[in-house]
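There are 2 protein chains.
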Amino acid sequence: MIEVVIIGSGNVAQHLISAFAKCETVDVIQAFARDKNSLTHLLDSNKITSNFADLKEADLYIISVSDDAIAEVSSKIPFTNKLIAHTSGSFSIDELDNKNRKAVFYPLQTFSKNVAINFKEIPICLEAKNKEDYTILEKVAQNISKKTYKINSNQRKALHVSAVFVCNFVNHLYQIGNEICQENQLDFDILKPLIQETANKIMKLSSNDAQTGPAKRNDTQTINSHLNFLSDQNQKDIYKMITKSIIDNGKKL
Amino acid sequence: MIEVVIIGSGNVAQHLISAFAKCETVDVIQAFARDKNSLTHLLDSNKITSNFADLKEADLYIISVSDDAIAEVSSKIPFTNKLIAHTSGSFSIDELDNKNRKAVFYPLQTFSKNVAINFKEIPICLEAKNKEDYTILEKVAQNISKKTYKINSNQRKALHVSAVFVCNFVNHLYQIGNEICQENQLDFDILKPLIQETANKIMKLSSNDAQTGPAKRNDTQTINSHLNFLSDQNQKDIYKMITKSIIDNGKKL
Chain A
269 MIEVVIIGSG
279 NVAQHLISAF
289 AKCETVDVIQ
299 AFARDKNSLT
309 HLLDSNKITS
319 NFADLKEADL
329 YIISVSDDAI
339 AEVSSKIPFT
349 NKLIAHTSGS
359 FSIDELDNKN
369 RKAVFYPLQT
379 FSKNVAINFK
389 EIPICLEAKN
399 KEDYTILEKV
409 AQNISKKTYK
419 INSNQRKALH
429 VSAVFVCNFV
439 NHLYQIGNEI
449 CQENQLDFDI
459 LKPLIQETAN
469 KIMKLSSNDA
479 QTGPAKRNDT
489 QTINSHLNFL
499 SDQNQKDIYK
509 MITKSIIDNG
519 KKL
Chain B
269 MIEVVIIGSG
279 NVAQHLISAF
289 AKCETVDVIQ
299 AFARDKNSLT
309 HLLDSNKITS
319 NFADLKEADL
329 YIISVSDDAI
339 AEVSSKIPFT
349 NKLIAHTSGS
359 FSIDELDNKN
369 RKAVFYPLQT
379 FSKNVAINFK
389 EIPICLEAKN
399 KEDYTILEKV
409 AQNISKKTYK
419 INSNQRKALH
429 VSAVFVCNFV
439 NHLYQIGNEI
449 CQENQLDFDI
459 LKPLIQETAN
469 KIMKLSSNDA
479 QTGPAKRNDT
489 QTINSHLNFL
499 SDQNQKDIYK
509 MITKSIIDNG
519 KKL
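Order-wise, the sequence lines are chains A and B.
Take 269 as the starting number for the first sequence in our numbering and just add one per residue.
Take 269 as the starting number for the second sequence in our numbering and just add one per residue.
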């Protein structure tokens, strides 16, 4: 049995606790939460602490807190030479406190509270400072996911930036689509099959082959008619910039 | 039996021919293609013509050609007082030739050759100049889709602009994510579960509730570190603009 302590109570921490609860060879023996009530729906209250001095000895500590708190939290763990991993896409492994063995356990997914997720399909990006530590991380990760990857800190940063484009920015484009629908008394649901198919297509086709629309065709007439239609300057600016990017990309091919 | 003639041989025309082939009360009696060979895998060659003079009489003509050819094609149909629909998201109903009854039959989806599609889930946006014509359109549409909507030309334009944001622009963000992966020796497949979940979440959550990431948190440190990481000026510009838009949107809430 590999004993794990989870430090944090946010979306990622909660999804990890739920995922580990289902597996046989990893045991979450304790979790740290500033507000113990935030985790009582997932763990027995005697397994939750809000005091670093009460942390138990474990094989692995997973720090899942906001990036700007990771360094401080890692310095407060009252042990030395323990394996400590954070779950951040952008925080460097080296900024963890030096007194313990450093690692990264980064699940590449968008987590929202109250949205169930199949952890088995989530890629977990792992990094450690030596082979033995990597083996422990990998065992823990393979208990909850079919997809584990050895990813160094620079690659992880690249993944995190890519994730911002394909997830956070994509969701903002959904937001703009929704706004345009609302302004025109249209149900946003009409767009949902299109949104699904756009995601489905990229599973099978290259992004170049999947690209359609007026920018891809360099259809100036439709592009100008869309720009005239949009009244919001921010929407216009985004429309112009991405259209130009698609057209320029077409010239490179 | 409602008799339909399809004019055009592109992605939409081909997907329509395939969809109508499966239904019992609509018969595609003929299709027009400049190059007859482009449709022989879908229709008997004696049902394909490349000569407007050979067009047969039908209950409905569906013009599925590029926007800049619709007006000319509609003027070449050698009949009067027939029901003529185009399939474009942005072309006005009024620009169809006056000699026939005007209509729109706009399936809101992204069609690629060689990617099969379940037409039943595709919203079809319909517009006609009178109730009788609308009834014919609706009957035809309901044969291939569960989702038909009465959408006027202004709303259709709004939908088309929205579709550019949630489909064409989204795919371009996938393209950028792919480029960043390639530059860093990362398999784009690592991002695919995230892409799927981002689309899945918007089926259930509002775009505001689904929004995550450094811009949503106004996490300046991560945003700056991402901007430093990006070397491509175009990627930097898009990153800055959408980040600002997400932050500004947060201030409105």
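Worth flagging that the hints you see were computed from the coordinates, not collected in a lab.
Be aware that a few hints might be false.
Copies of the same chain look alike in the list, so a pair counts if it fits in one copy or across any two.
EDC-like, lysine to aspartate or glutamate: derived pairs with alpha carbons at most 16 Å apart [to be verified]:
{"#": "1", "residue 1": "399", "residue 2": "292"}
{"#": "2", "residue 1": "415", "residue 2": "455"}
{"#": "3", "residue 1": "512", "residue 2": "500"}
{"#": "4", "residue 1": "418", "residue 2": "455"}
{"#": "5", "residue 1": "418", "residue 2": "327"}
{"#": "6", "residue 1": "520", "residue 2": "500"}
{"#": "7", "residue 1": "350", "residue 2": "400"}
{"#": "8", "residue 1": "350", "residue 2": "455"}
{"#": "9", "residue 1": "472", "residue 2": "457"}
{"#": "10", "residue 1": "290", "residue 2": "322"}
{"#": "11", "residue 1": "290", "residue 2": "400"}
{"#": "12", "residue 1": "315", "residue 2": "335"}
{"#": "13", "residue 1": "484", "residue 2": "292"}
{"#": "14", "residue 1": "304", "residue 2": "487"}
{"#": "15", "residue 1": "388", "residue 2": "363"}
{"#": "16", "residue 1": "350", "residue 2": "303"}
{"#": "17", "residue 1": "508", "residue 2": "389"}
{"#": "18", "residue 1": "414", "residue 2": "400"}
{"#": "19", "residue 1": "388", "residue 2": "505"}
Results of checking the hints against the structure:
For a Cα distance limit of 16 Å, the shortest separation of residue 399 from residue 292 qualifies neither inside one copy, at 24 Å, nor across copies, at 64 Å. Within a single copy, residue 415 and residue 455 get their C-alpha atoms only as close as 37 Å, which misses the 16 Å cut-off; across copies the closest is 12 Å, which meets it. In this assembly of identical chains, residue 512 and residue 500 lie within 16 Å of each other by CA distance solely across copies; the values are 15 Å between and 18 Å within a copy. Proximity of residue 418 to residue 455 under the C-alpha cut-off of 16 Å is restricted to the inter-copy arrangement: shortest distance 12 Å between copies versus 43 Å within a copy.
With identical chains, the CA atoms of residue 418 and residue 327 are never at most 16 Å apart, being 20 Å at best within one copy and 61 Å at best between copies. Taking the closest pair of Cα atoms, residue 520 and residue 500 come within 16 Å of each other only across two copies (14 Å); inside a single copy the shortest separation is 31 Å, beyond that limit. Taking the closest pair of Cα atoms, residue 350 and residue 400 come within 16 Å of each other only inside a single copy of the chain (12 Å); across copies the shortest separation is 77 Å, beyond that limit. In this assembly of identical chains, the alpha carbons of residue 350 and residue 455 never lie at most 16 Å apart, being 53 Å within a copy and 32 Å across copies at closest.
Taking the shortest alpha-carbon separations for residue 472 and residue 457, only the inter-copy value of 10 Å comes in at or below 16 Å, while the best intra-copy value is 24 Å. When the C-alpha separation of residue 290 and residue 322 is checked against a cutoff of 16 Å, the pair qualifies neither within a copy, at 25 Å, nor between copies, at 67 Å. In the homo-oligomer, the alpha carbons of residue 290 and residue 400 never lie at most 16 Å apart, since the shortest distance is 25 Å inside one protomer and 59 Å across protomers. Within a single copy, residue 315 and residue 335 get their C-alpha atoms no closer than 24 Å, and across copies no closer than 64 Å, so neither meets the 16 Å cut-off.
Taking the shortest Cα distances, residue 484 and residue 292 never come within 16 Å of each other, neither inside one copy (50 Å) nor across copies (36 Å). In this assembly of identical chains, the alpha carbons of residue 304 and residue 487 never lie at most 16 Å apart, being 57 Å within a copy and 26 Å across copies at closest. Taking identical chains as interchangeable, the C-alpha atoms of residue 388 and residue 363 are never at most 16 Å apart, the minima being 29 Å within one chain and 53 Å between chains. For a Cα distance limit of 16 Å, the shortest separation of residue 350 from residue 303 qualifies neither inside one copy, at 25 Å, nor across copies, at 71 Å.
For the homomeric pair residue 508 and residue 389, neither the shortest alpha-carbon distance inside one copy (36 Å) nor that between copies (31 Å) is at most 16 Å. When the C-alpha separation of residue 414 and residue 400 is checked against a cutoff of 16 Å, the pair qualifies neither within a copy, at 20 Å, nor between copies, at 56 Å. Taking the shortest alpha-carbon separations for residue 388 and residue 505, neither the intra-copy value of 39 Å nor the inter-copy value of 35 Å comes in at or below 16 Å.
Of the numbered hints stated above, those contradicted by the structure are hints 1, 5, 8, 10, 11, 12, 13, 14, 15, 16, 17, 18, 19, listed in ascending order.
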